[in-house]
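Number of protein chains: 2
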Amino acid sequence: MKSYKTVISLMSGTSIDSIDACLVKIFEDLTFEVIDSYSLEYPDEIRDKLFNLANNTGSVKDVCLMNTVVGELFAKCANSLIKKSGLKKEQIDFISSHGQTICHLPDKKSTLQIGDISVISYKTGIMTIGDFRPKDMAANGQGAPLVPFADKILFGTDKGRLIQNIGGISNVTVLSNKCEIFAFDNGPGNMLIDYFMNKLFNLPYDKDGEIALKGLIDEIWLNKLLTNPYYSIIPPKSTGRELFNSEYAEKIYKIAPKNKYDIIATVTALTAKTIADSYINFIFPKVKPDEIVLGGGGAYNNAIIKFLHNYLPDIQIKTHEDYNIPNKLKECIAFAYLGYYTVNKQPNNIPSCTGAESSVILGKISY
Amino acid sequence: MKSYKTVISLMSGTSIDSIDACLVKIFEDLTFEVIDSYSLEYPDEIRDKLFNLANNTGSVKDVCLMNTVVGELFAKCANSLIKKSGLKKEQIDFISSHGQTICHLPDKKSTLQIGDISVISYKTGIMTIGDFRPKDMAANGQGAPLVPFADKILFGTDKGRLIQNIGGISNVTVLSNKCEIFAFDNGPGNMLIDYFMNKLFNLPYDKDGEIALKGLIDEIWLNKLLTNPYYSIIPPKSTGRELFNSEYAEKIYKIAPKNKYDIIATVTALTAKTIADSYINFIFPKVKPDEIVLGGGGAYNNAIIKFLHNYLPDIQIKTHEDYNIPNKLKECIAFAYLGYYTVNKQPNNIPSCTGAESSVILGKISY
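In order, the protein sequence lines correspond to chains A and B. Positions in the first sequence are counted from 1; adding 8 to them yields the working numbering. Positions in the second sequence are counted from 1; adding 8 to them yields the working numbering.
Mixed in with the good hints there might be a few duds.
It does not matter which identical chain is meant; a pair holds if it fits inside one copy or across any two.
Said to hold, decoys possible - Taking lysine-lysine and the DSSO-like style, the derived pairs with C-alpha atoms no more than 30 Å apart in a straight line are:
id, residue 1, residue 2
1, K116, K245
2, K91, K116
3, K296, K167
4, K222, K353
5, K259, K91
6, K97, K116
7, K131, K353
8, K266, K84
9, K13, K33
10, K353, K33
11, K91, K69
12, K268, K116
13, K10, K69
14, K160, K131
15, K116, K84
16, K84, K245
17, K97, K353
18, K116, K131
19, K96, K69
20, K259, K296
21, K69, K232
22, K262, K69
Rather than coming from a laboratory, the hints here were simulated on the basis of the structure.
Please construct the entire structure, taking both the sequences and the accompanying hints into account.
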């Protein structure tokens, strides 16, 4: 019998749609087994408030209050998962929580994830680890990406792999035995697609990329969008809702094509093109990868996959499921590993990915 | 040789003037010895920004950024103290940091202390404990007062003592073997005095109460001020800059007497009168105390002391120095004890003081 820790990991991304929880065993040989999972949608009222905060509208009091409210929701999600699993809370060794990012200022070495871990630990009765990003930033890192630490454990570096996540933001981890692990945010993932799906089709996202596949790419608009200076910044780099937010979306909407299908097709192409360009500019000079492993909501968007094949005809595209990692739980599992290392007082950032000047033990612990 | 932990404690109060640090040994028998202390004034620009945040003006980005900036200043203060003391950082077991309160909403079970402990632990290289208040609030407490936990250790309960702190806010701890320990915020301490000293005399505070002693108490204005509903709330209760802020000060200034010395005399009398009234209403029915032990900046204000003698002629008034506790370091020492208990995974709130439903281990740890 291998010894293990039973961990609940809680995650909510920049799309602010739901809190995703997984209950996972992490064994001493660093393999894992998913026991159960649960997802709690943010109530509309809370989501609206969080979007306001993420768009830098909202007061100090709002931040203070929502830190507690989100902590309570994370705790509720964990408690629901425990109940669903049939386990007792005494069987859970610890909770690892990403929190909800409402501000991320890598240039200022400042980031704010709310969902107080004191609230989570009290409301669940389980030791909670969270707030991972500030320590990496204190070490002059970008505070992101943190998932590559888990990618290295999950995939190894036996061949060249690009672990490409397409969430609100798209980000890639480069795993190879030819160079140090590195990673960066490519640009907007689903964020602009979702924004315009909501605005133009009153739908939360473009299911399977169906809308995008009905439109035509407006190459003139696309080329204008590609002039955003973020794309030419040399990694390490990270971004979020500070750059690709509703304000930005409305700005580019002013010069958008008339046809709403074309708008979705073009911002979808933007996601694929900025991913492909970032490979060509920043990865291929160092590593010729064997495969891409897609993850995140964008992995189910057939338009993104089609465009990626067009832009990168020579690379094999796989998914996390091909490695027996449930795509939907990937980030959650990653943060379970991060918490595991923090509890063991072991460093868990990758300086070559975040730009940090040293390896540090990320996170804070609340008993 | 008694074994001990060497602790740096970092504190900054609602007056947002400086970060106070003390280097203290805590022995296994829970006695203490102050080794050294240091104080770092906030740069004017930072102080102004913090006042804005505390007055609920400022954006989400400001909160995010100042959380880092204040963390860096706390770390700088700790590092300066280590240098001054001649010790090496390896000799410090841990840092305990209160942080800087910028929002405290006890009714909403939310509180926000900034000065990220991840930043402090990284910039000092020393394990840091902080962010004590949210856990008590998660347990349905007011998140304050926390100092009574240390008062109990420092003074014992062999006789009836009122440990009366007069900082920006005034707060009292009731120590007695006749009843459970309880404590509450009496009302404004030096906050309104300092505000009007600044506005009317361009001075940061009323040194030794000299200005107040030159004025006359305007009883009509004083009686109007005493109608603030906070004073009649039955403890446990806590308050801060949310209630007795610049907005409140400007509101009461509109109905203030003309003579500026009288204004200082009257708001000083308000501090003494609200303390005395709170004793009469909430303490004397339970405990007839043997003495008052004054602490905080207000302990040096001769006008406050004079007015307290007038309002409470029968009680002996002592100071922390009478107990060999340096007044200026009292709160700092208290938070060293709080951190000591957190590190040892022992509960460190007093539910009868904060209103919490249970004993909890306060704070968060960053390695």
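Quick rundown of the hints versus the structure:
Taking the closest pair of Cα atoms, K116 and K245 come within 30 Å of each other only inside a single copy of the chain (13 Å); across copies the shortest separation is 37 Å, beyond that limit. Taking identical chains as interchangeable, the C-alpha atoms of K91 and K116 lie at most 30 Å apart only when they sit on different chains, with a minimum of 27 Å there against 41 Å within one chain. Proximity of K296 to K167 under the C-alpha cut-off of 30 Å is restricted to the intra-copy arrangement: shortest distance 10 Å within a copy versus 78 Å between copies. For the homomeric pair K222 and K353, neither the shortest alpha-carbon distance inside one copy (51 Å) nor that between copies (59 Å) is at most 30 Å.
In this assembly of identical chains, K259 and K91 lie within 30 Å of each other by CA distance neither inside one copy nor across copies; the values are 46 Å within and 52 Å between. In this assembly of identical chains, K97 and K116 lie within 30 Å of each other by CA distance solely across copies; the values are 27 Å between and 39 Å within a copy. Taking identical chains as interchangeable, the C-alpha atoms of K131 and K353 lie at most 30 Å apart whether they share a chain (25 Å) or sit on different chains (18 Å). Within a single copy, K266 and K84 get their C-alpha atoms no closer than 44 Å, and across copies no closer than 56 Å, so neither meets the 30 Å cut-off.
For the identical chains of this complex, K13 and K33 are intra-copy neighbours only, at 6 Å inside a copy versus 36 Å across copies, given an alpha-carbon limit of 30 Å. Taking the shortest Cα distances, K353 and K33 sit within 30 Å of each other both inside one copy (19 Å) and across copies (25 Å). Taking the closest pair of Cα atoms, K91 and K69 never come within 30 Å of each other, the shortest separation being 33 Å inside a single copy and 37 Å across copies. For the identical chains of this complex, K268 and K116 are neighbours neither inside a copy (37 Å) nor across copies (43 Å), given an alpha-carbon limit of 30 Å.
In this assembly of identical chains, the alpha carbons of K10 and K69 never lie at most 30 Å apart, being 48 Å within a copy and 46 Å across copies at closest. Taking identical chains as interchangeable, the C-alpha atoms of K160 and K131 lie at most 30 Å apart only when they sit on different chains, with a minimum of 28 Å there against 33 Å within one chain. Within a single copy, K116 and K84 get their C-alpha atoms only as close as 33 Å, which misses the 30 Å cut-off; across copies the closest is 18 Å, which meets it. Taking the shortest alpha-carbon separations for K84 and K245, only the inter-copy value of 28 Å comes in at or below 30 Å, while the best intra-copy value is 34 Å.
Within a single copy, K97 and K353 get their C-alpha atoms as close as 23 Å, and across copies as close as 19 Å, so both meet the 30 Å cut-off. In this homomeric assembly, K116 and K131 come within 30 Å of each other (Cα to Cα) only across copies, at 16 Å, whereas the closest approach inside a single copy is 33 Å. Taking the shortest Cα distances, K96 and K69 never come within 30 Å of each other, neither inside one copy (36 Å) nor across copies (40 Å). For the identical chains of this complex, K259 and K296 are neighbours neither inside a copy (37 Å) nor across copies (69 Å), given an alpha-carbon limit of 30 Å.
Taking identical chains as interchangeable, the C-alpha atoms of K69 and K232 lie at most 30 Å apart only when they sit on different chains, with a minimum of 28 Å there against 39 Å within one chain. Only between protomers do K262 and K69 lie at most 30 Å apart by alpha-carbon distance; the minimum there is 27 Å, versus 34 Å within a single protomer.
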